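There are 2 protein chains.
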Amino acid sequence: MSEKAIFYHAGCPVCVDAERKLADSLDPSKYEVEHVHLGVAKSRIAEAEKAGVKSVPALVIAGQPYHINFGADLAALK
Amino acid sequence: MSEKAIFYHAGCPVCVDAERKLADSLDPSKYEVEHVHLGVAKSRIAEAEKAGVKSVPALVIAGQPYHINFGADLAALK
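If you read the protein sequences in the order shown, they are chains A and B. Going by the working numbering, the first residue of the first sequence is number 234, and it counts up by one from there. Going by the working numbering, the first residue of the second sequence is number 234, and it counts up by one from there.
The shape of chain A in the complex, shown without the other chains:
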């Protein structure tokens, strides 16, 4: 059974690139990836912060944040 992963992004160029190269390239037998655009779904910023996300793009897997390069600070999306 695949584990849930959440890809947090803000539609920025760094985000879109990370989405295409990593988030969309994870083994579907391992992860089911939900995509969350924090610039749109601002209500989910608190949830991302709670998981330790500091910037986007980031993947949260089993509650742990994996920041991929740097697109934007979470603070800039509020």
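Watch out, some of these pointers could steer you wrong.
To be verified - Pairs of lysine-lysine, DSS-like flavour, derived with a Cα cap of 30 Å:
no., chain 1, residue 1, chain 2, residue 2
1, B, Lys263, B, Lys275
2, B, Lys287, A, Lys263
3, B, Lys311, B, Lys283
4, B, Lys283, B, Lys254
5, B, Lys254, A, Lys283
6, A, Lys237, A, Lys283
7, B, Lys263, A, Lys237
8, A, Lys283, B, Lys287
9, B, Lys254, A, Lys254
10, A, Lys283, A, Lys254
11, A, Lys287, A, Lys275
12, B, Lys237, B, Lys254
13, B, Lys237, A, Lys254
14, B, Lys237, B, Lys263
15, B, Lys283, A, Lys254
16, A, Lys237, B, Lys254
17, B, Lys237, A, Lys237
18, A, Lys287, B, Lys283
19, B, Lys254, A, Lys287
20, A, Lys263, B, Lys263
21, B, Lys287, B, Lys237
22, B, Lys254, A, Lys311
23, B, Lys311, A, Lys263
24, A, Lys283, A, Lys311
25, A, Lys237, A, Lys254
26, B, Lys311, A, Lys311
27, B, Lys254, B, Lys287
28, A, Lys237, B, Lys311
29, A, Lys254, A, Lys311
30, A, Lys283, A, Lys263
31, B, Lys283, A, Lys237
32, B, Lys287, B, Lys311
33, B, Lys287, A, Lys287
34, A, Lys275, B, Lys254
35, A, Lys254, B, Lys275
36, A, Lys237, A, Lys275
37, B, Lys275, B, Lys237
38, B, Lys263, A, Lys287
39, B, Lys275, B, Lys254
40, B, Lys263, A, Lys254
FYI, nobody ran anything at the bench for these hints, they're computed from the structure. Since the model is a prediction, treat every value here as computed from it, not as a measurement.
Use these hints to put chain B onto chain A, whose structure you have.
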């Protein structure tokens, strides 16, 4: 045909975690992942630097660096 990706690491805890959660979880139909321990294979540090790698753990896909969290500066491995 799968594209080549190189996972650069230094055996650090952040590296091992990123390896297990991301590098080893990429879709094998998309990427063939080579693992390079830069603490051991110091001769490959120049190649990583040339691809834009600043720290480990990092994946290089199609010549582009994707830094995943932060384990160690490349400079610290020389």
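- prompt: Which of the numbered hints are not met once you compare them with the structure shown?
  reply: Result: hints 23, 26, 28, 31 break, sorted rising.
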